[in-house]
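*Asks:* Listed here are the chains, written in short residue letters.
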Amino acid sequence: MTKVLVVDDVETYRKYLALALEDENYDVRTARGGHDAIKIGNEFKPDILVVDWMLNNDIDGIEVSAQLEKSKPGMETVLITGYPSPGLKREVLRSNIAHFIEKPFTLADIVEAVDRISERRTTRDAAER
Amino acid sequence: MGTTRPKDLAVGEQSNVRLLQARVSELEQRLNDRANRRRRFVERDQLFSTFLDNINEVIWMLDRRTNQLLYVSPAFERVWGRELKSLYESPLVWQEAIHHEDHGRVSARFAEIWEADSYAEEYRILRPDGAMRWIWDRSFPVRGADGQTAYMIGIAEDITTRKQAERDARRSERLASIGTLAAGIAHEINNPIGAILLAAEFARDNETNPRTIEALTDIASEAARCGDIVQSVLQFAREETAEKLPGDINDAIRRASALVNSYAEEWNGTLELALGEDLPRVSFNETEITQVIVNLVRNGFEAGSSTVEIQTRQNADGSISVWIRDDGPGVKPEAVKNLFDPFFTTRRDKGGTGLGLSITHGIVTEHKGTIEVATQLGAGTTMKITLPSSRTTDTGE
Numbered sequence: 001m002t003k004v005l006v007v008d009d010v011e012t013y014r015k016y017l018a019l020a021l022e023d024e025n026y027d028v029r030t031a032r033g034g035h036d037a038i039k040i041g042n043e044f045k046p047d048i049l050v051v052d053w054m055l056n057n058d059i060d061g062i063e064v065s066a067q068l069e070k071s072k073p074g075m076e077t078v079l080i081t082g083y084p085s086p087g088l089k090r091e092v093l094r095s096n097i098a099h100f101i102e103k104p105f106t107l108a109d110i111v112e113a114v115d116r117i118s119e120r121r122t123t124r125d126a127a128e129r
Numbered sequence: 130m131g132t133t134r135p136k137d138l139a140v141g142e143q144s145n146v147r148l149l150q151a152r153v154s155e156l157e158q159r160l161n162d163r164a165n166r167r168r169r170f171v172e173r174d175q176l177f178s179t180f181l182d183n184i185n186e187v188i189w190m191l192d193r194r195t196n197q198l199l200y201v202s203p204a205f206e207r208v209w210g211r212e213l214k215s216l217y218e219s220p221l222v223w224q225e226a227i228h229h230e231d232h233g234r235v236s237a238r239f240a241e242i243w244e245a246d247s248y249a250e251e252y253r254i255l256r257p258d259g260a261m262r263w264i265w266d267r268s269f270p271v272r273g274a275d276g277q278t279a280y281m282i283g284i285a286e287d288i289t290t291r292k293q294a295e296r297d298a299r300r301s302e303r304l305a306s307i308g309t310l311a312a313g314i315a316h317e318i319n320n321p322i323g324a325i326l327l328a329a330e331f332a333r334d335n336e337t338n339p340r341t342i343e344a345l346t347d348i349a350s351e352a353a354r355c356g357d358i359v360q361s362v363l364q365f366a367r368e369e370t371a372e373k374l375p376g377d378i379n380d381a382i383r384r385a386s387a388l389v390n391s392y393a394e395e396w397n398g399t400l401e402l403a404l405g406e407d408l409p410r411v412s413f414n415e416t417e418i419t420q421v422i423v424n425l426v427r428n429g430f431e432a433g434s435s436t437v438e439i440q441t442r443q444n445a446d447g448s449i450s451v452w453i454r455d456d457g458p459g460v461k462p463e464a465v466k467n468l469f470d471p472f473f474t475t476r477r478d479k480g481g482t483g484l485g486l487s488i489t490h491g492i493v494t495e496h497k498g499t500i501e502v503a504t505q506l507g508a509g510t511t512m513k514i515t516l517p518s519s520r521t522t523d524t525g526e
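Protein sequences appear in the order of chains A and B.
All residue numbers for the first sequence refer to my numbering, where the first residue is 1 and numbers rise by one.
All residue numbers for the second sequence refer to my numbering, where the first residue is 130 and numbers rise by one.
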């Protein structure tokens, strides 16, 4: 089962993202902040990280992604942001973040992005075997 | 003196002749002086006329005895757009031109000019060509020998440019404060709206009763609409400046027109391009300028225009102007001054948020450009955007 870590400081977002992804048969964990995400992620080793860029007074989503990739190479990230400034877009381009989703998003947007990454990984893993 | 003394004249007669000669030369001298003085007067008079003919201020002079205008300088024709002759024929022409909202105040103050011994008013006039001008009109008493005021000398100055600059500054200030407030609210409600959206969708996806599904779909789509408005507000209020690169403005316009062609079809309208050739490069952010063009063209079609034309041209100073001209119903005069205010819309019932033009204004201003509206009821609206050439913006920073 593909493992997904959902990181958002808004509880409602965490809850429904997790529920929707669980409905699609993903193994989901959640974290409320950047440090929390790194702690949980280092142990959980997610295949996919769904993370909000701005995490209330904590290290941001791009940093969380970079840190977790060290303990789980090949992990892919879906970054969520309500403030898609040109500066942020440039930063995202420089990072290895695969997907960039602007608020307000729908559950379908996130599930679709995660599904796409997951399918690609499955195909690639099958080809490697 | 070159005259020879006659040999046969007596001594006494000789002295008489000398006296006469002296008298003649004295008279000659006086005549010369008078001619010189007159020439100086004429010269000064001409100089003064030249001065009065050429200054932009309208100088006027009022006689206390008759309460009539003694003089009005020719600048009157340029500022008022009316013939000077018409003013001498009917002094009321002056006041008839005053904007109806200012008329009562100005004529009341003017009626008290002798009691008050002065007069200073700002007012608007309407020219026969329909243009409005702001006038600053004030007078100074001229005392007679008895120390009483005998005349009033007045100066009426066209201060339209200054007034417009003041209005623009006030508008920018107001927009900035509204922007700050709106952004604060938008930041706060962004997350709750997103949460409503997610919860409604989740509930819908897990529901089987079709009526409940429909209700949850409505909640989700309305929440999504709130989210879009919040995004617009955040964009309007954003402080970060977008990256600008020198380029051909026509490229952005072609891209925008490809985007709005679907609108044109939807509204059964035609979009026409009249793009100038070999335009100098201007610095702009393509996404933002595209958005500006899309906003303005869409406004044109949504207002009911059948044709919207985009024209580009280079100005003498190297800047570039873009005209977006429609043949729609035009904007009511009282709505024009609020046109760029956030949340001001004449189409709220049709889903307008009133953010399009304020975002447009913000983007253009941020490009160090200007946006002007010319509109006439029943004849259409023209939006003119002027962007400085990339050379002037580069040196300006």
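No lab work stands behind these hints: they were computed from the structure.
Where hints are given, some of them may not hold.
[What the hints assert, rightly or not] Taking lysine-lysine and the DSS-like style, the derived pairs with C-alpha atoms no more than 25 Å apart in a straight line are:
{"no.": "1", "chain 1": "B", "residue 1": "Lys497", "chain 2": "B", "residue 2": "Lys214"}
{"no.": "2", "chain 1": "B", "residue 1": "Lys373", "chain 2": "A", "residue 2": "Lys89"}
{"no.": "3", "chain 1": "A", "residue 1": "Lys89", "chain 2": "A", "residue 2": "Lys70"}
{"no.": "4", "chain 1": "B", "residue 1": "Lys373", "chain 2": "B", "residue 2": "Lys497"}
{"no.": "5", "chain 1": "B", "residue 1": "Lys466", "chain 2": "A", "residue 2": "Lys89"}
{"no.": "6", "chain 1": "B", "residue 1": "Lys292", "chain 2": "B", "residue 2": "Lys513"}
*Asks:* Which constraints among the numbered hints does this structure fail? Numbers only, ascending.
*Replies:* 1 and 5
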